[in-house]
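Asks: Residues per chain are reported as follows:
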Amino acid sequence: MNAIDTLSNIANTQLIYADNLRFCLVGSNKIPYTINGANAKPNNEQDFVSFMEILDAKDLENYAGVGISIKASKVCAIDVDHCFSEAFSFESIDERGKYVYEKFKDLAYIEFSFSGKGMRVLFEQCDIENYVDKYYVKNSVCNIEYYQPSGSARYVTVTGRAIADNSIKSSKDFKSVIIEFLDKYMIRPHNSNQNVKIEPKNEDKDITQLMKIVKTHLFKSIAFQNMWFNCRYEYNIGRKFEGQGESEHDLALISYIYQNITTSKELIRLVFEQSEYYKTKDSAHKRKWLLNNYRYYDTIFKRLLS
Amino acid sequence: MEDFNLDDLLGQVNMNGVSAESTGYQDLPNGYYLCEVETASLEKSKNTGLPMVKFGLKVVQNGIIEVTDEDGNVYLQRTKGTKNRKIFKYYILDPNKDFEKAVKSVISDLLKFEGAEPGSELLGEILRDDEGKLITPSTDILVGCLEVIIGSTIYVKSETSPSKKNPNEKVTWTNLIGWGRADKLELLSVPAEEE
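Quick note, the sequences are listed as chains A and B, same order. Under the working numbering, the residues of the first sequence are numbered 1 to 306, in order. Under the working numbering, the residues of the second sequence are numbered 1 to 195, in order.
It is worth saying that the hints were derived from the structure and are not from the lab. Beta carbons are placed, not taken as given, at the ideal position from N, Cα and C, and that holds for glycine. There may be inaccurate statements among the hints.
[Unchecked claim] Facing chain A, from chain B, some residues (calculated, C-beta under 8 Å):
{"hint": "1", "residue": "74"}
{"hint": "2", "residue": "157"}
{"hint": "3", "residue": "161"}
{"hint": "4", "residue": "181"}
{"hint": "5", "residue": "183"}
{"hint": "6", "residue": "185"}
[Said to hold, decoys possible] Some residues of chain A that are not near chain B, with every Cβ distance over 10 Å (derived):
{"hint": "7", "residue": "46"}
{"hint": "8", "residue": "276"}
{"hint": "9", "residue": "298"}
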């Protein structure tokens, strides 16, 4: 299957009538490309074009498929990874897929993913306000992702292999349905320590002194051990972040350091980077940590204080 | 039989802390204990009739506790008098309450037992498929795993603290610690002591 096949599939679905969709080409390595063959940047709306324009792209047969920009298209998307045990077999759907399908089958466009083992839902609805405060964008435990235009400089692949071929433009406001789905699969755990006032602590100590304190806490606390060491095994039974993804693990460990070791923002970061957990992050997560002068860490620290 | 004066002996007994609830045993000091698995079984709880996994552990070395000296320096040292003490750990498999979590807890702890090669899982070949993914164990597999670990050694963290529900009562938490983590906590570098 290549981009020509995909565009042909799309032409036979309701997606063809969604003139707001903005497309890019996608290589076999899942990298997005503009119609001129340059790398498409998901945060640059100009790199994504209409359906008619993408049909004019050169060498379509050399691309594996097409994608759409969530932001430029102003659509919401739900990705349910690996919910079909057999590719393109609806009967092999699992409980997650069944739940999402039943919720949206009359309201949104639903299709098989590129591999045929996942499901994608596309629709136009209003953004959920303050989304990231309450919900995950990606729940790594149940492998479901939710994107909305305001939060997401992302693109998703589309295949045109429709399961529920509805228009993405619904006349109904089905925000309540979306919230039910989000509350079931995407809600962040409540941080019960958020309202506890933390007095300044050990802000005058150096990293060597703080690591001695860390050592004592490691000796005493199994929960802290689970956070500190490389606890990415299948069953993570630690409190607060049982079974949660990387960002929740980051927040839990940073939160512990803030409440128990030091309240200095810079020192917290330095202590965190001494953890075995940090040292064994893969390159993508390390890059995320270091990007733009620790912007991701700034976001976590703000959440800690809010 | 040796002659002794019972009144003299009784007069030396310290009765502090004795009550109707006393068991005669002191709680283990909070710390880490190298234990041998004496028994490991899947059985029915006598109280509730629910299935449970039970470990019977024997402390084979005096435990390791953290002490702070006059200058505030913290270091690890051995306790005395804790060798040969028994520790029991139970995993209640209640079908109506957190069953999956309890099973995962059992499996997670079984994975902590190390094989002949440092860092290898003693039960890896039983509990993982060809791709290294954990399987969902049957009763037979679970019982088999429990038989395999008998005689193995593992570190255990024992912690006794007041119960949140009733501060006059105590609760003891027992956590198994894998060898890799024991090494990272520097437990392996605490010298063994002869009693």
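Asks: Looking back at the hints listed earlier, which ones does the structure fail to meet?
Replies: 3, 5 and 8
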